[in-house]
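**Q** So the sequence lines, in the order shown, correspond to chains A and B. Going by this note's numbering, the first residue of the first sequence is number 14, and it counts up by one from there. Going by this note's numbering, the first residue of the second sequence is number 4, and it counts up by one from there.
A few of these clues could be false.
What the hints assert, rightly or not - Calculated pairs, EDC-like style, for lysine to aspartate or glutamate (alpha carbon to alpha carbon, straight line, at most 20 Å): (1) A:K138 / A:E116; (2) A:K201 / A:D80; (3) A:K17 / B:E77; (4) A:K463 / B:E20; (5) A:K569 / A:D707; (6) A:K17 / B:E103; (7) A:K363 / B:D94; (8) A:K233 / A:D222; (9) B:K128 / B:D177; (10) A:K701 / A:D689; (11) B:K59 / B:D71; (12) A:K201 / A:D211; (13) A:K467 / B:E20; (14) B:K128 / B:D171; (15) A:K489 / A:E581; (16) A:K17 / B:E100; (17) A:K17 / B:D113; (18) B:K59 / A:D445; (19) B:K59 / A:E446.
What the hints assert, rightly or not - Under 10 Å between C-beta atoms, here's a sample of chain A residues computed to sit facing chain B: (20) V22; (21) R28; (22) M31; (23) E268; (24) T269; (25) S272; (26) E446; (27) F450.
As the list claims (entries may be wrong) - Take a look, some chain A residues computed to stay more than 12 Å from chain B by CB distance: (28) N115; (29) L203; (30) G304; (31) L640; (32) S696.
Hints in this document: simulated from the structure, not taken from any laboratory. Just so we're clear, the structure is a prediction, and the values are computed from it rather than from any experiment. Here a beta-carbon is modelled for each residue, glycine too, at the ideal position from N, C-alpha and C.
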Amino acid sequence: MNLKTINLVYQRELRDQMRDRRTLFTVLILPILIYPLLGLSMLHISQFSSAEPCRIWLIGADHLPSDSPLIAKSRFCEGLLAESERKITVVESAVLNDRSFNERIREYLASGSPDLPLPVPEWLKQEMIARNFDLAILVPAVVNSSSDDSAGATNIRIVKNSARGTSVTAAQRAQVAIQKWTRDIVVKNLGQLNIDVDEVRPYSVSVDDVADNATISAIKWSKTLPLIIVIWALTGAFYPAIDLCAGEKERGTLETLLSSPAPRSDIIGGKLLTVMTFSMLTAVLNMLSLGISAALLVGPSTHSSFLGQQLGITLPPFYVFPILLLALFPISGLFSALAFAIASFARSTKEGQYYLMPLMMLTFPLLIIPMLPGTHLNMGTCLIPVTGLILLLHSIIEGNIGTAATFFGPVCAVTLIGCGLALKWSAYQFNDESILFRAADHISFRALFKHWAKRRTETPTMTYAILCAVMILIAKFFSTFMASAHPNWGTFWRQTVMLLFIAVALPAIVLALATCRMPLKSLQLKMPQPWTLALAGLLAIFLHPIFAALTDLVMKLYPLSTSTVQAEGMMRDIFSGAPGMWATLMVLAVAPAICEELAFRGFVLSGLRSALGKFPAVLIASAFFGLAHSVLQQSIITFFIGIVLGLLAVRTESIVPCIVFHAVHNSLTMLFVKIDPGVVANSEWLQKIVLVRDGALIGYQPMAATLCGVAACVLALILCRHRVEETVWKWSRLPRAASAGG
Amino acid sequence: MIHVRQLCKHYSDMNGEFVALDQVSFDVMPGQVYGLLGPNGAGKTTLLRILCTVLKPTSGTAIINGFDILEQSEQVRRQLGFVSTNTAVYDRMTGWEMVEYFGRLYGLSDAVLLPRLEFLFDRFKMNDMRNVLGSHMSTGMKQKVSIARAMVHDPPVLVFDEATSGLDVVAARDVLTTVEQLRDAGKCIVFSSHIMSEVRRVCDRIAIVHCGRVVAEGSIGDLVKRFHQPDLEELFYQLIAYGQIGAEAPAADGKELSR
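Isolated chain A, as found in the complex (with noise of 0.2 Å):
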């Protein structure tokens, strides 16, 4: 690294861009002018929505009393609306001599009750269109209290169209003049009764806020700064990079610059540091014409100042600038490496420019967490790049300072992590010719098969195990909604097992067969010798007492939600139709072994494997064991078990032996479940085994579970020791018209 090189490249680039009309207009001037012109477009809008003039129809205006009249001169009474609002309000009667009309009006008033009124007829609608009216409003005759005490207030109908904005604000105005001239009549009928308005109505509500303005107001400016800050730190990065890398590349003068002695990395550090500069720049000009318009609008001195009241915001404090000015390098670093590396990568700038919309949609929800309410930095959250570092800025802003200094290690680690991955993805990008130098590729479906069965291998490759595993998460997901919610034994057998085999065998199956050459080898399905199977059923008896001790213990950090445990109870409910207990068993225990054990023992293990090793295979395949049960306290248990049942497949080459221990293992966790205790209760040697406690089965003598213990040591090592022979996969070679794929 020469920095004087880098220095040149990075004062050349600068000019560049400064010379740059389309740059600075999108980096530099767009900023600068978009504050005040949001700010002056608010102004006129506010203005504009309280000067909107509209007309209603009054139907059935005869209806109305003539003592506490509702309009006069065509217009709401006095009082019952705002001045300013009354005075472009038009009330029109609806006509009298049209007798066919009023008919058919009355007609429609009349049927209906007040509780299920019809709907609006169509040629009401039509009559509205037609007349241009922004809003019906509907009075029926007066229903005679006196003669059925049940019949209730009369329902004066407000007919709106919501796809109009004026009808929505005519009915608004509507609603609040109707209103208070309901009240009005209300307070005039109880004077009448000599009854005080406040007898009827003893209690009113007012809320009050601790929090002054100031703090109310740094919460909001904590929301939206870092925000803002992100947003433009991201859009000021990636113009320039795009033009300074695929830019170049289109205009052809990247090859003259590669071909000076400048070394590549001086050049991606003058390059990057251009980036950057532009990136900070942009979000400092944002903040500056933000705080600046924020300032003449919302600030105490000037006129304006109503729109801050109307708000409820005033001016951010003063020393949350400089803190995120600190903020700013990190989140600059970060994009402007990640912009450089996709601009490295485009061949040209309109497709640089496709790639925008991507990186600005994985940002996104990065952004979005922090929005949400409830979300605050803790050690959960501060490992969440970017999202830590504005929860971080969430914090600062508002005075939580001792929260901040906390989490301020792990945030700034978790920050510098990102940066140098991005910065480090950005170099190899670039220093890669065969992405800089990329000819446009014709893309022909054609190419792609051939290219595909082609590179097919003997077993998956790690990609198609993470594939595999990825597609199983994502049916187990879908399955979860699609599952009915009271079923019966009937339907619930049918869908459990339908799901199984779609969810979770299908797609090792498929890929199996379409990726690999050797598809039985892919799955691990070979018979083993008979006595594995024996030992592997064995080691699921003598390890049970260990996984039932790991579940209680799982059960104990981590409560089971309510919802989980009424669920649970469904599920018994569900069981006891099951026509015996045979049946249950086939569909909790022998079902699910073979389904996962093709998929997760068979498909993505032997995937992993050809990439990983071993034992980081068996790790990973059993996180994802793991992943796929949904209730994360089965998860934990389940990624032991895993363990266990992918060292049993590697151990044995197949996965035979691993269906068996998954099968038993399963079938005793049931019977644990479904058992009698009364059954435990009249058998001595159960109870020697099992213990019981308020006529549940809790979990297992400490004697048993030691000796099982022992036991399944002792069959680990018979495993170990013993030589499994290799595995000769001829017979599992498909033939070669259907393993060739062309």
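Dock chain B against chain A, hints included.
**A** Chain B alone, transformed into the frame defined by chain A:
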């Protein structure tokens, strides 16, 4: 001066492995112009990009003025000036700024750089485009700036890749004159082209490249004698035609060629 040994370059993409260069070897001495003659897509640009260390070879190497392109790439780039259709001029820089910038990248001090710039701008009659932005220059002007840029550090080796493409007759003639003058000044020059008349005029030795392979090499007189074909264009065409059917380049007797 330039010693190219067994250079290979393979690319792989969806359509499989693609051989851009296959075992290319040749030598160029100071005061010599070495012509690379080949149709479009023959691998000339790939070869020259490798010589300028912009690309890395899959195997083989080249020594440029004593420096290895694999081990001493930065030193190699200091030894040569590269003019190509792919090495454009910055749109938003003036001619003077462009050449000055590259002079500084080559590490020239002001005391050396400024007189050199004056010399080059006088030599190529570019004084009226000192303050003209690249975007406002004609193709000929751009090529002049490119050549001045490649010569700013007075390199012993110069590489011209289709340097006359897109130029009018006058501008192309200027470029060829420059190449001849540089040769006479003792520079070691690689000149790639697909235009026979240019090659015949400036090159001392030529290599005919086709599908990444050198199908024939020698001085023009040698080649004419070896293949009994006085017309260089006809010779070129026939060699390419044989290359395309995958046959070995015909041996010295050249009987097959005359059929």
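**Q** Each hint: holds or not?
**A** To see whether the hints hold, each was checked on the structure:
1. A:K138 / A:E116: holds (16 Å)
2. A:K201 / A:D80: holds (10 Å)
3. A:K17 / B:E77: holds (16 Å)
4. A:K463 / B:E20: holds (13 Å)
5. A:K569 / A:D707: holds (18 Å)
6. A:K17 / B:E103: holds (15 Å)
7. A:K363 / B:D94: holds (18 Å)
8. A:K233 / A:D222: holds (15 Å)
9. B:K128 / B:D177: holds (11 Å)
10. A:K701 / A:D689: Between A:K701 and A:D689 the Cα gap is close to 16 Å, so the pair holds against 20 Å.
11. B:K59 / B:D71: holds (12 Å)
12. A:K201 / A:D211: Holds, at roughly 13 Å.
13. A:K467 / B:E20: holds (12 Å)
14. B:K128 / B:D171: Given that 20 Å is the threshold and the Cα spacing comes to 17 Å, the pair holds.
15. A:K489 / A:E581: Holds - the C-alpha atoms of A:E581 and A:K489 are around 19 Å apart, at most 20 Å.
16. A:K17 / B:E100: holds (17 Å)
17. A:K17 / B:D113: holds (14 Å)
18. B:K59 / A:D445: holds (10 Å)
19. B:K59 / A:E446: It holds: about 8 Å lies between the C-alpha atoms, which stays within 20 Å.
20. V22: holds (8 Å)
21. R28: holds (8 Å)
22. M31: Holds - the Cβ of A:M31 comes within 10 Å of chain B, reaching about 9 Å at its closest.
23. E268: holds (5 Å)
24. T269: Holds - the Cβ of A:T269 comes within 10 Å of chain B, reaching about 4 Å at its closest.
25. S272: holds (4 Å)
26. E446: Constraint on A:E446 satisfied, holds at 5 Å.
27. F450: Interface hint status for A:F450: holds (7 Å vs cutoff 10 Å).
28. N115: holds (76 Å)
29. L203: holds (81 Å)
30. G304: holds (32 Å)
31. L640: Check passes; 33 Å lies beyond 12 Å.
32. S696: holds (68 Å)
Checked against the numbered hints above, the structure breaks none of them.
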